[in-house]
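Undergrad: Sequence:
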Amino acid sequence: PGGPLPGIGAALGYRVQLVMPSNVTKARKDITQAFGTEIIYSDPMEGSDGAIRLVRKIVAENPDKYFYPDQYSNPSNPLAHYYGTGAEILDALGDRITHFVTGLGTSGTMMGTTRRLHEHTRRVHCVAAEPAEALHGLEGLKHMASSIVPPIYDPSLPDEIMPVSTEDGWDMADRVAAEEGLHVGHSTGANIFAAVKVAERAHREQGGGCVVTIACDRGDRYFAPMKWERRYLW
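No gaps in the numbering here: position 27 of the sequence shown is 22 in this note's numbering, and each next residue is one more.
Don't read these hints as lab results, they were simulated from the structure.
A portion of the hints provided could be inaccurate.
[Said to hold, decoys possible] Pairwise CB distance ranges, derived in the manner of DEER restraints:
#1 Tyr9 with Arg91: 39 to 49 Å
#2 Ala82 with Pro39: 31 to 41 Å
#3 Asp59 with Leu130: 35 to 45 Å
#4 Ser68 with Pro39: 20 to 30 Å
#5 Arg196 with Glu174: 13 to 23 Å
[Said to hold, decoys possible] Simulated crosslink set (BS3-like; lysine-lysine; CA at most 27 Å straight-line):
#6 Lys52 with Lys21
#7 Lys24 with Lys52
#8 Lys60 with Lys24
Where a beta carbon is used, it is the ideal one built from N, C-alpha and C, also for glycine.
Whole structure, please, built from the sequences with the hints as guidance.
TA: And the structure:
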C-alpha cells in the first residue's frame, strides 16, 4: 500500500517510512517525499524482494515502534477485492463477463477477484499476467518463480498464467495514452496487453467474449526513464 500511505500519514499526523528499491523512478520518489515521508532505499538489484527483506528486518528490530500493513501477507488485501472489485464487476456485467485478466504483484487483486467470480460461475476464465523474465522493468509486478511468493498467493486459483515482456507492457501503456487518452503505468500496460491477447484468442476460438482487466497505476510516476533509456536498465 505504498501509494496511499504517505497521504494517509500526512492527513492523520503519523510519521511514515517507506522502503523501496533505490532505482525506482524519480517521479515516485518526489511524489512520496512531497507528503513528508521518509524513504529508506533497498538494493536495486533485489527489486521488491529486497525491500520486503529490509522492511521485515527494520520492523523486527523495533516491533513496538511500527505498524506494518504487510500487503503481501495481510488477508485484508484479497478480501478488499473479494468484497469490492469482484462484486463491482458482477454488479456491472453479471453473466456477460467471460474472462478476467490482471497482473501478479502482491497477488491480492487476482486472489480476491477470482474467488468472487468463480463463486458466481466457473465459466469465467481468470488469467494472471506476470513478467516474462526474472529481470524485468514492469514495476509492481512479480515473476513468481524467481521471487518471494506472497503468503496470500494461491497458485491454484488462476486458470492461466500469461507471460508479458517489459517491452510489451511499456509499448501498450504508450498506445493507451495515444489512442485512448489514458495516461497509465507499465503494470496497467501489461494488464491491457494480456487482456487484448485473451480477447483476440476468444474472438478466434469462441466468436468473442467480454474481457475485464484492471487499470492499476498512473503514468505520472514513470515519466523517466524514457523509451530510449530502457536498454540501460535491463
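Undergrad: If I claimed the Cβ atoms of Arg196 and Glu174 lie 13 to 23 Å apart, would that claim hold in this structure?
TA: Holds, at about 21 Å.
Undergrad: Against the 27 Å threshold, does the CA-CA distance of Lys60 and Lys24 hold or violate the hint?
TA: It holds: about 24 Å lies between the C-alpha atoms, which stays within 27 Å.
Undergrad: Is the hinted pair Lys52 and Lys21 satisfied, with a Cα-Cα distance of at most 27 Å?
TA: With a Cα-Cα distance of about 25 Å, the restraint between Lys52 and Lys21 holds, given a limit of 27 Å.
Undergrad: Is the hinted range of 31 to 41 Å satisfied by the C-beta distance from Ala82 to Pro39?
TA: holds (38 Å)
Undergrad: Does the hinted range 20 to 30 Å hold for Ser68 and Pro39 at CB?
TA: Check passed, 24 Å falls within 20 to 30 Å.
Undergrad: For the range 35 to 45 Å, tell me whether the beta carbons of Asp59 and Leu130 fit it or not.
TA: holds (38 Å)
Undergrad: Using the beta carbons of Tyr9 and Arg91, state whether their distance is inside 39 to 49 Å or not.
TA: Because 43 Å falls inside the window, the suggested range holds.
Undergrad: Going straight from one Cα to the other, do Lys24 and Lys52 come out at no more than 27 Å?
TA: Satisfied, since the Cα-Cα distance of roughly 22 Å is no more than 27 Å.
The structure fails none of the hints (numbered hints given earlier).
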